[in-house]
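Given the coordinates of chain H, assemble chain D onto it according to the supplied hints.
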Amino acid sequence: MSMQTNIIIAGVGGQGTVLASKLVARAAMDAGLRVRTSETIGMAQRGGSVVSHVRVSDAPIASPLMAPGMADVLIGFEPGEAVRSLAFLRPGGTVVTNAQPVAPVAISPASAAYSGQAMLERLDGCGARLAVIDGASICAEIGSLKVLNVALLGAAAGLGALGFSLDQFETAIRESVRERFVDMNIRALHAGARSASA
Amino acid sequence: MHPWHSAGSRVDKAIVEALHRHAFRYGDDGGPVVARGRSSTIGVSWGLGSTVSSPWGACCVATEFLMGNEAIALGAIAAGVGVVTGYPGTPSSEILPTVAQRNPGRVHVEWSTNEKVALEVAAGAAYAGARTLVTMKQVGLNVASDPLMSLAYVGVKGGMVIVVADDPGPISSQTEQDTRTFGLFSKLPVFDPASPEEAYAMIGDAFALSERYGTPVLFRPTTRVCHGNAPVEVGDLSAPPAPDGFVKDPKWVIFPRLAYQSHLRIEQRLPQIAEEFSDYRFNAVSGSGRIGIATQGISSAYVAEALAALGDAVPEHRLLRVATPHPFPRRLALEFLEGLDQVLVVEELDPVIERELLRLAGECHLPVTVLGKGTGHVQQAGENGVDSVTRALAGFLGLEVAPAADCSASAGEGAEPPVRPPVLCAGCPHRASFLAVKEAMRKRKAVFGGDIGCYTLGNAKPLDMVDTCLCMGASVTVAQGLHVVEPDAVHFAFIGDSTFFHTGIPGVINAVYNQTPIVLVVLDNSTTAMTGLQPHPGTGETMMGAVAQQIDIATVLRGLGVKHVESCDPLNHDAAKAAVLRAVEATAEGVSALIFEAPCIHVASSGPRYVVNEDACKCQLCITRLGCPAISRVDGKMRIDDDLCYGCDLCAQMCPFDAIERVEPTEGRA
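Chains as they are written, first to last, in our numbering: chain H, 262 to 459; chain D, 14 to 683.
With a straight-line Cα cutoff of 20 Å, these simulated SDA-like cross-link-like pairs (lysine to any residue) come out: (1) 407/H - 616/D; (2) 631/D - 665/D; (3) 407/H - 618/D; (4) 456/D - 634/D; (5) 407/H - 619/D; (6) 650/D - 375/H; (7) 631/D - 368/H; (8) 631/D - 374/H; (9) 474/D - 307/H; (10) 407/H - 654/D; (11) 474/D - 374/H; (12) 650/D - 374/H; (13) 407/H - 614/D; (14) 407/H - 615/D.
Negatives, chain D to chain H, calculated, CB over 10 Å: (15) 119; (16) 166; (17) 224; (18) 258; (19) 259; (20) 260; (21) 265; (22) 274; (23) 276; (24) 304; (25) 343; (26) 354; (27) 386; (28) 479; (29) 528; (30) 624.
Cβ-to-Cβ under 10 Å is the rule here; a few derived chain D residues that face chain H: (31) 243; (32) 403; (33) 435; (34) 438.
Derived from the structure by calculation, the hints contain no laboratory data. The C-beta atom is built at its ideal place from N, Cα and C for all residues, glycine as well.
In isolation and in its complexed conformation, chain H is listed as follows (with noise of 0.2 Å):
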């Protein structure tokens, strides 16, 4: 029987989500799988929506990119992009998402309202399986703030929602980051497993 996992990474322009899906094609690579994934590179980048489709399999990979109801496993590094992706994720899915929202840029007095729990709850119903990270904590602990996408990794890895275990993605940050950076990302990817057994 095949074994296929697809990913959908979603977050704002700017918070690291190509690193976590570079990762995880890594992580397909030493395993001898195969692996198709696709950026949002460009304009987006700004501040505006991102998503990374990631495909990993033991058969041939046609798309890079996915339809609606493929994805496995949906990481949100904002609970709103989350939302926004759901579309994606199939009935029975995981869903792991950073607990702290993005505030979309305020231009008038009204459009202040985006509340983060709102788009939790809508989460919370959606008939997945959720885990709902405390990025901001796991950040804070480890004192960068740009660790949150392999804290979130770390999560998902820890439910086994990835196909890979935590020893398979050490090797991949050992041989994809650069040295100095190694540590402080293999202590936040065991903060986010942490996180998310808690």
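Frame of chain H, contents of chain D only:
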């Protein structure tokens, strides 16, 4: 089970079967496999062979996870490219920096000032025998079209591959033009890769064809190929051989007589190339039956997924995949059409394959109906996807397709995620520049002409400072036309530093010469920000790592005859406003120019932190005027997000209650 559902084994198996049934299946290495090839022909005519090797190197050295653009760059290096030129533009921008990064030595890599310049520099190098690669986005080809059309007639000695990345959607572009159609217009061969690994392999084929016919060739990936990633087997990247140099010959000088002869030669060779393309390894016909599906590029992957999802209900059919849309592989296409009743053409942008099949059907009196964009069976604009192609195929095949089961419906009604258009970054100096002009022109009649770059985002509220945007350099010239008709308004032209060098300068000369008193505002942030921080003539660095002479914009403007040229820091709000008023005054004497100099936050380090003193916070001017992503309202008070704030100080300067206070930087801020 839902047809697009991917988690189950049934669909997985179906995908594999569909992939194997059809031409564009993928091999054991994850790379495309020749489903229908005449290997002897290919071996002879496609010099670089099917094992992705360079003529002077071994084959696969390592498997790397590459973005399509990186694969194109490494494919060109493996093919022995000697000169690479280009101008940044999404989705093509990563190709040229990858060549620079992986330069084995002896490859000349440059960001040229614009696409026309890039193509002409490459033409000279190709005349002298070097293999050359030129990179740009689709609208860049419009700028390069003058040399392109003539070069098609003159030809090249060293192979020339012009990579033009198209952007269906469009995702980051101002048009949905199709470079395949440009190939038809310019009479040049076009390659259309479907994946990163295929793009890597195809680049070598494109160089070989270019040299065999002495013609430049177009290489047209789309966004999903450029920005898709896959493991790619990369060959030997050792340095290219030295070209043998320029040999003087009348053929390098285009004259009407020569043009006539060249035109004849081109018309004679196109059928030959078409014949060769009918055997090309990435063009393929497969399957059998009386209905057909024709496709290309990334759409071929969507077709494979759609057929797998529709599963056993899909009737027997034939499949054509066209990797070289011009000249059209006529013999192969006829083989495909023979005996078909109906064909659905699934492609993006222009109906190129659709028109060619219609033409062939008419020419050969074939009783086949061709469906596609022209008949409303495939969307006419925007990019395709697995879902849209599944719907189109289901409609064509008369199959029912259930709507996708997904988690969005079960999440129920409720608050929608916020709209999140791209915005100027927190701390972006463009915001300060726009604000200075806006405040200075309050109650004055003024039109704000915009241009192409991050600063196009100045159109968003609350700034609302971009009234026109057409194409690279047009801020300067459109403002002149507006002034001629409406001389009582002040006409501003906002242009970035890289865009100024690209095509802004001729417009300034035009304004000086024709005495049209516009206010030119150069937004000099010391980089090409939108496309990923590429250097340009004003930055003092090149892609060869050399320190270059910085070309000073103020000196250029004075040299062009602009009498009032002033530089200032837009982040000093009052001084900037005063400078705007001086520039407007100076239009009494002709064109005036104001250069706002402040580096992009991505090339500068951040400043001090700012916090809101909640007791003093009384208005919401920072929100209603600035639109800064770092400022939000929490419980009725303004709050500055410490992670996003770059310490530009603009909000502190704007606050009428002095409620925004500067604090010393904490450690660890990057």
